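Chains A and B, in that order, are what the protein sequence lines are.
If you're matching positions, the first sequence starts at 1 in my numbering and goes up one per residue.
If you're matching positions, the second sequence starts at 1 in my numbering and goes up one per residue.
The set of hints was computed from the structure by calculation and includes no laboratory data.
In this text, all values refer to a predicted model and were calculated from it rather than measured experimentally.
All C-beta atoms, glycine included, are put in the ideal place defined by N, C-alpha and C.
A hint or two may mislead.
Each computed SDA-like pair below joins lysine to any residue, with the alpha-carbon atoms no more than 20 Å apart [as the list claims (entries may be wrong)]: (1) B:Lys91 x A:Lys164; (2) A:Lys83 x B:Asp281; (3) B:Lys91 x A:Ser225; (4) A:Lys83 x B:Thr283; (5) B:Lys91 x A:Gly270; (6) A:Lys83 x B:Asn275; (7) A:Lys87 x B:Phe167; (8) B:Lys91 x A:Ser276; (9) B:Lys163 x B:Gly180; (10) A:Lys164 x A:Gly141.
What the simulated footprint calls covered on chain A by chain B, stretch by stretch (three residues with Cβ under 8 Å from a Cβ of chain B suffice, anywhere in the stretch; the number is not a length) [as the list claims (entries may be wrong)]: (11) 32-46; (12) 189-202; (13) 248-256.
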Amino acid sequence: MSEAQLEIQAIAMVTAVACALPGAFLVLRRMALMSDAISHSILLGIVLAFFVVGTVGSPLLIVGAAVMGLITVVLVEALANTKRVGKDAAIGLVFPALFSIAVILIARFADDVHLDVDAVLLGELAFAPFERFVVNGYDLGPRALWVMGAILGLNVVGLALFYKELKVATFDAALAAALGFSPILVHYGLMSAVSITAVGAFDAVGSVLVVALMIAPPATAYLLSDRLSHMIGLSALIGGASAIAGFWLAHWLDASIAGSMATIAGVLFGLAFLFSPDRGLVAQRRRRQRQRWEFAQEMLVVHLLHHEDLPEADEENRVAHLQEGLRWEGDFTDEVVGRARRRGLISMRDGLLTLTDVGRDHARRSFAA
Amino acid sequence: MFDLFTDYTLRTVALGAGILGIVSGVLGSFTVLRQQSLLGDAISHAALPGIVLAFLLTGSNESLPLILGAGLAGWIGTLLVRAIVRNTRIKNDGALGLVLSVFFGVGLMLLTYSQSRPDASQAGLDKFLFGQAAALLRNDVITMAILGGVAIVVVGLFWKEFKLLSFDPEFGRVLGFRMGAIDVLLTTLVVIAIVIGLQTVGVVLMSAMVVAPGAAARQWTDRLGVMVCLSALFGALAGVTGALLSSTGARLPTGPMIVLSASVIVVVSLLVAPNRGLLWDRTRSRSSALPAEEVAS
C-alpha cells in the first residue's frame with residue numbers, strides 16, 4: 001500500500017465519521033433532506049466568497065459556504081412558515097434556486113478558474129493527497145486530512161458538550177423547552193455543524209455523497225440499536241467501514257472512490273434492512289410466523305379446555321375433529337398438535353387429545369387475558 | 001426573440017423545454033398537494049445508475065434506451081422508499097435521502113467504471129448529469145412528446161382516482177378503490193415526467209421542475225382542475241423562458257435558467273396571488289377594522 005493510498009483512506013474515514021455524527025441527529029429529527037439542501041446550496045456560498053476573496057484555496061470560502069448553509073435553513077423555514085407551501089416543497093424550492101444561481105455565476109464569470117461544477121458535485125478523493133498542508137517548508141500531510149480532522153474534532157467536542165441537550169431536544173422538544181434550553185438554539189447549533197461538515201466533506205466526496213455519508217450509516221445504525229449512544233457509535237463505525245471498503249472497491253473497479261463508498265454504505269443498509277436481529281425483514285417475518293403458531297396452539301388448548309370433562313369431549317377433542325371444529329387444514333393441524341405436544345401442553349392417545357396440567361394452566365391464563 | 005421562428009436548434013430546444021414544463025407541471029401539482037415534493041429529487045438522482053447501465057448494456061447513447069433505464073431505476077428507487085418507510089421506523093425523509101444518495105453513488109461508481117474501460121465512449125452521459133438542452137435533437141423532442149403525452153392522457157383517465165388519492169385516500173379506500181395501486185400508478189407517471197426532463201435540465205435540477213410550477217399554481221386557486229392547468233402553463237412558461245434566455249449567448253446554462261425562471265414564477269405567485277398572496281396579508285392587517293368573518297357574512 002502506497003503512502004497516497006493510506007492518506008486517501010485516512011481522509012475518507014475521517015470524513016465519513018465526521019458526517020455520521022450530525023447525521024444521526026438528522027435522521028432522528030426527520031430532517032435528513034436538510035443535508036441534501038445544505039450540501040447543494042453551499043456551492044453558492046463558495047462562489048460568492050470566491051468573488052470576494054479571489055482565490056480558491058482561502059479558508060474564507062469555507063466560512064462563506066457554511067454561512068450559506070445556514071441561510072438555506074433560514075430560507076426554508078421562513079418559506080414554510082408562510083404556510084403557503086409545505087415544508088417539503090420549501091426545501092425543494094429553495095436549494096435548486098440557490099444551486100442554479102451558483103451554476104450560472106460559475107458559467108458566466110468563473111469558468112476559467114478552478115471552480116468546476118463536476119468536481120463540486122462528484123468530488124474526487126483520489127486527488128486529495130496532492131494538496132499538501134505545508135508550514136515553513138515542512139510537509140505536514142494532505143490538507144483535506146487536516147481540514148476534516150479539525151471538523152471531526154469540532155463535532156466530537158460539540159457532541160460531548162451538548163449531548164444531553166441534543167438528546168432531550170430530539171426526543172422531547174417540549175421537555176427541552178420546559179427544562180430551559182431552547183430547541184431553536186439546539187436546532188441551529190446542529191444545522192451549523194451540518195453546514196460546516198458538509199462544506200469540508202464535499203471538497204473530498206462531492207455534495208450528493210455528503211448526503212450518503214450523513215444519512216446511510218445513521219439509518220443503518222437506527223435499525224440495529226435502541227440507544228442513542230449506541231446508535232451514534234455504530235453510525236461512526238459503519239461510516240468508517242464504508243470508507244475503507246469503498247476505497248478498495250474503487251481500487252478494484254478503477255472507479256470513483258466516493259461513489260464506491262456510498263455503494264458500500266447502501267449495501268450495509270440493505271443488510272441491516274434484511275437481517276437486523278430485531279427489526280430486519282427476516283426477523284419480522286419469523287416473528288410473525290412464530291406468533292401464528294403460538295396463536296394456533298392457544299386456540300387449541302382453549303378449545304380442549306372448553307370441552308374437557310363434558311360428554312362430547314370424546315368427540316370434540318380428537319385430531320380428526322379439529323379440522324372441522326376449528327376449520328384448520330390437515331397439515332396445519334398436525335403441525336400445531338405436534339408443536340403443542342413438544343411444549344408439553346397436551347398429550348395424545350389414540351387420536352384423543354387431553355390437556356396436561358401445564359396446558360390447562362396455559363389455557364386458563366389465555367382465556368382470562 | 002424572432003429567432004424562435006427561424007432558428008431551428010432554438011426552436012427544438014424551446015419546444016423540448018416547453019414539453020418538459022407542461023408534463024412536470026401536471027404531475028408536479030399532485031406531488032405538491034400530497035406533500036411529496038422531494039420524491040422528484042429522489043427519483044431524478046436514483047435514475048443515474050439506470051442511465052449508466054442502459055448505456056453499458058446497449059452501448060448506444062440514443063435517448064430512448066437511456067430514458068428507459070433512467071425510468072426503471074427511478075421507479076425501483078420509489079418502491080424501495082415505500083418498502084423502507086413501511087417496514088422500518090425510518091421516516092419518509094430518511095428513506096428519500098438514503099435512496100437518493102446511495103443510488104447516485106452507485107451510478108457514479110458505474111459511470112467512472114465505464115469511463116475507465118478502454119472501449120467506452122462516454123459521450124451522452126454527461127448531459128444527463130447537468131442537462132444539455134443545446135444537444136436536444138428532433139428525435140429527442142419527439143420521444144419526450146410521446147412519453148409526456150401518454151402520461152397526461154393517463155392523468156385524464158384516472159383523474160377522479162388521483163383526486164381522491166391527493167385529498168382523501170381513506171375515503172377512496174372506503175369507496176372500494178385500491179389506493180395502493182393508484183399510488184404506484186401516479187408515482188410511475190411522476191417518474192416519466194422526470195426522466196423526460198433529465199436530458200434538458202439534468203439530474204440535480206430536475207427535482208425543482210416537479211415542485212415549482214405546482215407550488216406556484218397552488219397559490220392562485222383552490223380547485224384541482226384549475227391548479228393542474230395553471231401548473232402546466234407555468235411549467236411551459238418557465239421552460240420556454242429559460243431556453244430563450246440561455247440562447248442569448250451570454251454563457252447562461254439552460255437547466256439553471258429554466259429552474260430560475262420557475263423560481264421567479266413561484267416568488268411572484270407567493271407575493272401577489274389573490275387571497276393567498278403575502279403582500280395582501282400586510283394590507284389586510286392594516287385595514288382590518290372588521291374581523292374577516294363579519295366581512296364574509
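Against the structure, the hints:
Distance check on the hinted pair: Lys91 of chain B and Lys164 of chain A sit about 23 Å apart at the alpha-carbon level, beyond 20 Å; violated. The straight-line distance between the Cα atoms of Lys83 of chain A and Asp281 of chain B is roughly 12 Å, inside the 20 Å bound, and the hint therefore holds. Taking the CA atoms of Lys91 of chain B and Ser225 of chain A, the gap is about 16 Å. The hint holds against a cut of 20 Å. For the suggested pair Lys83 of chain A and Thr283 of chain B, the alpha carbons sit about 18 Å apart, so the restraint of at most 20 Å is met.
About 16 Å separates the Cα atoms of Lys91 of chain B and Gly270 of chain A, which keeps this hinted pair within 20 Å; it holds. For the hint linking Lys83 of chain A to Asn275 of chain B, the alpha-carbon distance of about 13 Å falls within 20 Å, and the restraint holds. Between Lys87 of chain A and Phe167 of chain B, the direct Cα distance comes to roughly 18 Å. Compliance with the 20 Å bound is thereby established for this hinted pair. Taking the CA atoms of Lys91 of chain B and Ser276 of chain A, the gap is near 17 Å; set against the 20 Å cutoff, the hint holds.
Our distance criterion of 20 Å between C-alpha atoms is met by Lys163 of chain B and Gly180 of chain B, whose separation comes to about 14 Å. For the hint pairing Lys164 of chain A with Gly141 of chain A, the CA-to-CA distance comes to about 36 Å; that exceeds 20 Å, so the pair is violated. For the region 32-46 of chain A, the proposed coverage by chain B is satisfied: 5 residues have a C-beta within less than 8 Å of a C-beta in that chain, meeting the threshold of three. Interface restraint, the region 189-202 of chain A with chain B: violated (0 residues with C-beta to C-beta distance below 8 Å; minimum three).
For a cut-off of 8 Å, the count of residues in the region 248-256 of chain A with a CB near a CB of chain B stands at 6, and the three-residue condition holds.
Against the hints set out earlier in the document, violations occur for numbers 1, 10, 12.
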